[in-house]
Amino acid sequence: MTTVITLAYLVAAVCFILGLKQLSSPKSARNGNFTAAFGMVIALVATVPQLHFTTAGLIIIAIGVVIGGAVGAVGARMVKMTAIPQMVALFNGVGGGAAALVAVAELLRFGDHPPFAEAFPSVFSIVIGSISFAGSMVAFAKLQELMTGTPITYPGQQIVNGIIAAAILGFVIAVLAVASIPVSFISLMVLALVLGVAFVLPIGGADMPVVISLLNAFTGLAVAASGFLLNNFALIVAGTLVGASGSLLTKMMSDAMGRSLANVLFGAFGKTRAGAVAATGKEGRSVRSGSAEDLGTLLAYSQRVIIVPGYGLAVAQAQHAARELAEVLEKRGVEVTYAIHPVAGRMPGHMNVLLAEANVPYEQLKEMDEVNDEFKNADVALIVGANDVVNPSARNAPGSPIYGMPILNADQAKNIVFMKRSMRPGFAGIDNDLMYDPKTIMFFGDAKDSLTKLVSAVKAA
Amino acid sequence: MTNELLNELTFFVLSIFIGIEVISKVPTILHTPLMSGTNAIHGIILVGAIVIAAGASSPVTIILGLVAVTLATTNVVGGFVVTDRMLEMFKGRAGRAQGAQNQSAKPATPVAPTK
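Chains as they are written, first to last, in the numbering used here: chain A, 1 to 461; chain B, 1 to 115.
Because the hints were derived from the structure by calculation, they are not lab data. Check each hint, because a few of them may be wrong.
Claimed, not checked - Only part of the chain B face toward chain A is listed, based on derived beta-carbon distances under 8 Å:
| no. | residue |
| --- | --- |
| 1 | I62 |
| 2 | V81 |
| 3 | E88 |
As the list claims (entries may be wrong) - Label-pair distances were calculated between CB atoms; the ranges are:
| no. | chain 1 | residue 1 | chain 2 | residue 2 | range |
| --- | --- | --- | --- | --- | --- |
| 4 | B | N7 | A | P398 | 49 to 55 Å |
| 5 | B | E4 | A | L51 | 45 to 51 Å |
| 6 | A | A165 | B | E4 | 30 to 36 Å |
| 7 | A | H113 | B | S57 | 18 to 24 Å |
Owing to the predicted nature of the structure, the values given are computational and were not obtained by experimental measurement. Note that beta-carbon positions come from the ideal geometry of N, C-alpha and C, so glycine has one too.
Isolated chain B (complex conformation) (with noise of 0.2 Å):
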């Protein structure tokens, strides 16, 4: 084996502990945005995107390199921005004063009409 494949075994195996170590104290509450954010993060998959479509030249590439990193943006962008609409929405007693007058200026999630 490589130098460089070992050191990236290094870094496999403690990223596993790490994210094991990580997420086992996150409450149940935080579950769903936790999820959303953790999905956000795979979102780098958009570095291996670039990566592959920067050198693009056949057009086999151009469209492998055009729909990867169409849709690892997708991921990266609404991982975060729907994992931020949710946690703006966690406020305590404290925020809740101020939480209210943002909603009389704008009403949070207009009330659809169910189905």
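Only chain A is shown next, with the shape it has when bound in the complex (with noise of 0.2 Å):
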């Protein structure tokens, strides 16, 4: 490398970093990602003029940025914000998967024989990418529900993937000690796809962005591997940029959850849902249930409000209704706050996304630690579309599948306004005795059309 294009991806470096600590910031992150995408310029840019290029070279490389570029994005232009996930999912997946090919055609050009240095990275680039890219687009098909969220189990599921694991393992050797021969690595490609497909299919819907997140880690450190095969620098400390956060973030998703990663992965979380729901479930409690006009005058004279949003708000589009019904409490003096917890919607963080499009200013959105000493200050706990988020059986039912789980303590408020189209559990599946609460009255309905029935309420008292 010249010492041009060293300095030049040591620009690009310090730009991944700097972009990624102003994304710690709101005011600053749009920024960061600026910064982070200036830095991937300059590495493209400092890249081509050493590279001699074939006119196929050329060819391909001008209709591969140009689809790329179209597919990426208009794919991120029109996405629906509630889609998010699974968008980064894909993105993510085709990351991966551009690592593994960036392997295979480095070995195919080493020839049967690579040093060590070579080829260890290589198959590593192979397998971690494949299994990235699989399991990306199985969990997108998951989330876009082009198949079934519930986790897909089958009698021996972790032998059979102990065995393709073993099978990948022994063709790593293969291509390691024996001969770095295309029906090896190919066959190590095949596999390492088969393993990423089975390792998401027995994971629920509700457990898809840690997986997002540890697939993320997966391709960032395919692409530091991918870089110490090309002995590229910019590639390395990018990747493993990725691979550490990503890894850190994973943690902090199941940390939130009360789970262990190991239980995310291998637990089948969700599938026990029926049977749990069979033994929790008391029949005949009976359940307290409000009128429009009625929760109109308890929220128009309260002095603090905390709203609760959970997935359910965002399926119904709801952000901006909910909105509508804070500023309509503001104006008559009512503090409101969002309490936000860690894994509401679909990835941590997406409430927040979601409400931000709808306007919330993000002063108003609270974390679980902030808000949850000032529940039992508030006159009213809205919840909308969540549901295990505030379940108390997290915190007091051991034999409960969500039990551990950190919660909002909503339950604390003075009154309890549940917000639900139906008396069905929610993701975890299990039942909520908030809902049996003397304190909360029940709100049935689609969440959008309730919370539009709660701004007039409101008006008119």
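Take the two lone chains and join them into the complex the hints point to.
Set out below in structure tokens:
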């Protein structure tokens, strides 16, 4: 590598680090993304003049950039905010696929007996990149509802996955120790693709964010391995940054759910749905439901209202209606905040994006630790389309599948208004005792319609 | 071990620490944009894809190069654009008036009928 290109890569690496740093505050986050994109442009511009292009090479790069650029830009522009998680899964997957293909191309070039320092990162990149590609596609399909979101399990599944993993290990050894011939590393890639699919199938839709985050880290590591392979330090630094941050984010997400990563990946969570409901559902308990007028009055004459939004709010596209209700209440002098559970929505922070889209100022969005002590001073906790994140059984029912998950203390508010479509249990499939709490008033209906009714009721009160 | 490999290992190890250090300060509310932003950064594989595509001559390398460049470009462009779309919407009270103006000019995201 020449001095110029090395210096350019150094600048790019600094841009990536600064960009990530700027992402830690909402004020500078957007600039952070620009900074990282700028680093990417520098790395690309510095690379191109150093290469010797064949005619075919020039043509395929031009075609690839045009197609990829169009697909990426149009996809990213068109996607609805509720569909962001699957879009991230898709963009992550293609990156992993690219890393695997780069490694395949390099192995082809090296011949039958590449030096270990080249062969090892190649097989690593092929295996991890392919797992990331296939796994991300399954995650995409599950979130896009192209296939069922419930875990797909069968007897002996872990054993089958174990056998696939063992076979992959066998081919890795074959490539490294015997000969790097196309039939062995293509088999390796196919097996890794199969493992990627098999690995994500038994994981429920609710756990997809953790999976996407993990696969994001995987792609980062595959890219770093390709960097070792091409002796390109921009790839090593950028890939490793993503690998490290993605791993940490994955851990933070499973922590927020009160579960170990192993439990998320291998627990087939949500599969016990029917059983859990039957076991914990107590028939005949009465719930109290209220009219829009009652609730409008209750809200209008409150001093502090905490809104607890959940994915149901996003599904019903009710973010704007929620913001309208908050504004009407604020005009009457009611203090309104939003309590955001770390896993509200389909990804950590997803709910914040959805509310930001509806022009809710981020000062009103409070994180769990910050807001949990405020519930006892709140007149009303208004739960919109959330369920598991306010389920007290996470605190007091050791047998419950969500036992140990940190929850929002909505049950400590003076009144609880629980807006729900029906009495059906939430994603984790467990009954919520909060619905039967004497302080709770149920308000049934589609989240958007219900909020709109409340807005008129508050105006009339 | 060659000097080059030693250097690369140094970059690798130090980057792990930087990655963890920088990310540990990101608030929960930015986790989704962060995931999406890091996702765009690993699109740097486009550099690798261009390197292998540049010298392509046989049918196999041409196909590999073409697919790799296409996938990697999708990753980079899609990643940065979708992250920007998310972050564009994070506005405090100060940015709100302006945001409302923009909105009246062009409604943000059309509210699709629910399924």
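How the hints compare with the structure:
no.	hint	result
1	I62	holds (5 Å)
2	V81	holds (4 Å)
3	E88	holds (6 Å)
4	B:N7 <-> A:P398: 49 to 55 Å	holds (52 Å)
5	B:E4 <-> A:L51: 45 to 51 Å	violated (19 Å)
6	A:A165 <-> B:E4: 30 to 36 Å	holds (32 Å)
7	A:H113 <-> B:S57: 18 to 24 Å	holds (22 Å)
Checked against the numbered hints given earlier, this structure breaks only hint 5.
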